[in-house]
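Novice: Input sequences plus hints: build the corresponding full structure.
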Amino acid sequence: MFKLGAGLMGIGAVITAIPVIGFAMGPTRRKYANQWTSLGSLEKFPIGETRFATFLNPIKQPTDGESIKTACWVRCISEGKFQVFAINCAHLGCPVRWFAQSKLFLCPCHGGAYYEDGSRAAGPPPRGLFEYEWKVVDGNLLIDAGRLPGLEDST
Amino acid sequence: MNAIVRAVTSAVTGAIAWLESRSGVGAFVRPMMTHRVPRNAKWWYVFGSATLMFFTIQVVTGVCLGTMYAPSAAEAWESLRYIDTVVPAGWMIRALHGWSSNAMVVMMAIHMIQVFLHASYKYPRELNWITGVFLLLTVLALAFTGQVMRWDQDAYWGLGIGASITDRIPVFGSQIRDLMLGGPIIGGETLNRFFALHVFILPGAAIGLVGLHLALIMRHGISEMPKRGEPVDPATYTEAYEARIKKDGVPFHPDASQRDMVFCGACLIALVVLAAVYGPFGPGGEPDPTLIDTNPRPDYPFMWIFGAVSLLPPSSETVVMLVTPVLLVGGLLLVPFLGKAGERAPSRRPAMVLVAAFSVIAIASLTWEGMTSPWSPVMNAWSSLPTPGHFVRGRSPLETQGAIVFQYAQCRNCHELGGLGGKRGPSLDEIATQMTPEQLTRQVSQGGGNMPAYGKNLSSAQMSAVVAFLSTLKPSDEAAAEIPGALLPLPTR
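Protein chains in written order, with the working numbering: chain A, 64 to 218; chain B, 6 to 498.
Since the hints were made in silico from the structure, they are not lab data. Using N, Cα and C, we set each Cβ at its ideal position, and we do this for glycine too. It is possible that some hints are incorrect.
[Said to hold, decoys possible] Okay, the calculated beta carbon distance ranges per label pair: (1) A20/B to T79/A: 41 to 51 Å; (2) T91/A to V17/B: 52 to 62 Å; (3) R190/A to Q119/B: 39 to 49 Å; (4) D201/A to S465/B: 40 to 50 Å; (5) I81/A to R86/B: 21 to 31 Å; (6) S432/B to G111/A: 45 to 55 Å; (7) V65/B to V83/A: 22 to 32 Å; (8) E25/B to T91/A: 45 to 55 Å; (9) K198/A to E487/B: 54 to 64 Å; (10) R190/A to K461/B: 33 to 43 Å; (11) P402/B to I110/A: 30 to 40 Å; (12) T91/A to F342/B: 31 to 41 Å; (13) K123/A to I118/B: 39 to 49 Å.
Specialist: This is the structure we're talking about:
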């Protein structure tokens with residue numbers, strides 16, 4: 064009887080645990096695809112300048128509220144040539160700000176500084192700013208957006 | 006008349022006796038109230054009780070907030086504003102919850118320092134200490150998840166900092182980050198995960214650990230005040246302790262509990278006054294991540310970590326960030342095993358007193374650094390600070406132009422002039438006594454020493470102007486720097 068009890072409890076525990084663990088580990092197993100997301104018309108990004116742009120993260124959940132609003136910096140190097148930087152400092156993810164006069168990005172948290180091409184200028188960041196891949200479609204600038212940029216993207 | 010009183014009395018006594026016989030509440034509680042504690046256990050021993058009291062406040066106010074708070078990223082911030090401004094006494098409940106949380110961390114820290122200094126963790130109370138360490142971790146986790154509940158800008162970017170740190174974990178970093186955030190971004194599921202941690206998992210763990218901690222106190226008794234020359238010997242300790250406590254101990258209630266009551270009562274009144282005067286914490290700016298004109302800072306219990314990560318060189322910071330917490334927690338867990346016997350008196354354990362003093366000073370100064378954060382550029386210094394008059398009065402047009410470039414190119418965000426500006430770089434009030442114009446040109450254009458290179462960012466006209474301005478920055482009675490590397494001439498009077 065005891066063996067029967069232990070066996071039944073064991074089987075019961077396993078088949079209960081499977082969905083519970085599957086649910087809890089869900090975020091690591093679900094596949095979220097980045098999507099090409101528009102930052103708007105090219106006219107918003109004059110040549111030689113770095114401009115602030117926002118978009119709604121294409122990875123949505125029903126209760127996100129404003130938290131999927133995302134910011135980035137767009138640098139138009141020359142006609143049809145761009146760099147799109149994530150807003151997140153490569154040190155600890157705080158939002159970097161662009162200073163057009165000194166052509167630097169500065170971070171308010173620990174003072175990371177980057178040059179206009181996103182490369183590290185000073186401070187604690189281990190690398191330059193994270194960049195989005197971009198393409199131009201029908202006069203609009205699109206970026207490959209989704210996952211919050213992080214050091215695992217380091218190359 | 007007497008007959009009625011007698012009947013009522015006997016009915017009540019009977020009911021109490023019935024309740025006791027069926028439930029055993031009295032038999033459970035009485036030993037806790039009457040257990041004997043050392044006679045000399047005086048005011049040093051009140052901090053554990055105060056921690057427990059603040060935890061109780063957290064449970065009560067937390068349940069209150071749970072009836073109003075909307076654990077949804079779309080509504081959490083609004084619901085807090087509603088609790089603060091519309092719900093009767095809502096702001097006070099939030100204030101109590103916030104202040105009591107800080108008070109609990111403080112009391113817990115004092116309790117831990119006292120136990121460490123008195124070496125109460127020695128045989129046979131090793132597990133008391135270890136459950137205490139887990140309680141500390143649980144309470145800190147409650148504090149961090151509680152900050153996330155505010156779902157304001159600090160909460161959002163604080164999560165970003167957490168994500169950036171977990172990202173650095175080798176091999177499984179991004180999976181652990183996904184588990185923490187509940188997906189690839191900070192969004193709706195993130196708040197709900199932290200909500201489940203903050204109101205179910207962590208309080209449950211804390212209640213269980215408190216129960217265990219108290220049961221261990223009952224099992225081993227409260228430790229006595231340490232005495233020089235009375236080392237703990239595991240072979241004889243328990244018997245000797247029990248004999249001493251039997252002979253010289255006093256019952257917990259009322260001898261010790263009255264002190265707990267005095268201290269806890271005073272703490273509670275102080276808490277209510279603090280909460281009523283200073284009000285609730287936040288919520289801060291609305292959780293819109295495109296509002297980047299923000300200055301994310303963690304809550305007080307984590308300010309020292311925020312300070313510490315600014316000091317790490319980029320080459321080693323990932324290792325330090327990931328290994329230090331393991332070493333700290335591991336070290337705390339090992340404390341009772343590294344010193345399980347021997348002297349308890351602080352005067353016989355100078356090294357341990359130094360460890361405690363060093364830890365307190367380190368955490369206090371890192372907290373101060375975190376709060377003042379001198380490493381952060383002052384983002385609006387360039388656009389808002391005046392240039393002190395004596396730095397521009399009587400200067401040539403080129404030098405005055407340089408003062409404008411200095412301001413315009415955000416130099417001021419990192420460098421002070423006349424005591425105002427960023428503290429990231431050195432103050433430049435006397436820079437001309439230290440660097441020649443050639444050295445200044447080189448430093449500004451090539452950077453170095455944690456300064457960006459401005460060579461490509463300033464035109465040559467701007468460069469000569471700013472160097473001309475910097476070359477004037479010296480007290481009038483001191484000579485300007487001359488040949489690089491040469492000894493500075495003594496000031497002539």
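Novice: Are the hints correct? Go through all of them and say.
Specialist: Okay, the hints, checked on the actual structure:
1. A20/B to T79/A: 41 to 51 Å: With a Cβ separation near 43 Å, A20/B and T79/A satisfy 41 to 51 Å, so the hint holds.
2. T91/A to V17/B: 52 to 62 Å: holds, 60 Å
3. R190/A to Q119/B: 39 to 49 Å: holds, 45 Å
4. D201/A to S465/B: 40 to 50 Å: About 42 Å separates the Cβ atoms of D201/A and S465/B, which means 40 to 50 Å holds.
5. I81/A to R86/B: 21 to 31 Å: violated, 42 Å
6. S432/B to G111/A: 45 to 55 Å: Because 34 Å falls outside the window, the suggested range is violated.
7. V65/B to V83/A: 22 to 32 Å: Given about 30 Å between the Cβ atoms, the range holds.
8. E25/B to T91/A: 45 to 55 Å: 52 Å Cβ-Cβ, so the 45 to 55 Å window holds.
9. K198/A to E487/B: 54 to 64 Å: holds, 57 Å
10. R190/A to K461/B: 33 to 43 Å: Violated, since R190/A and K461/B (Cβ atoms, about 20 Å apart) do not stay within the stated range.
11. P402/B to I110/A: 30 to 40 Å: Between P402/B and I110/A, where Cβ atoms are some 33 Å apart, the hint holds.
12. T91/A to F342/B: 31 to 41 Å: Holds, since T91/A and F342/B (Cβ atoms, about 35 Å apart) stay within the stated range.
13. K123/A to I118/B: 39 to 49 Å: Holds - the Cβ-Cβ distance for K123/A and I118/B, about 48 Å, lies within 39 to 49 Å.
The earlier numbered hints that this structure contradicts are 5, 6 and 10.
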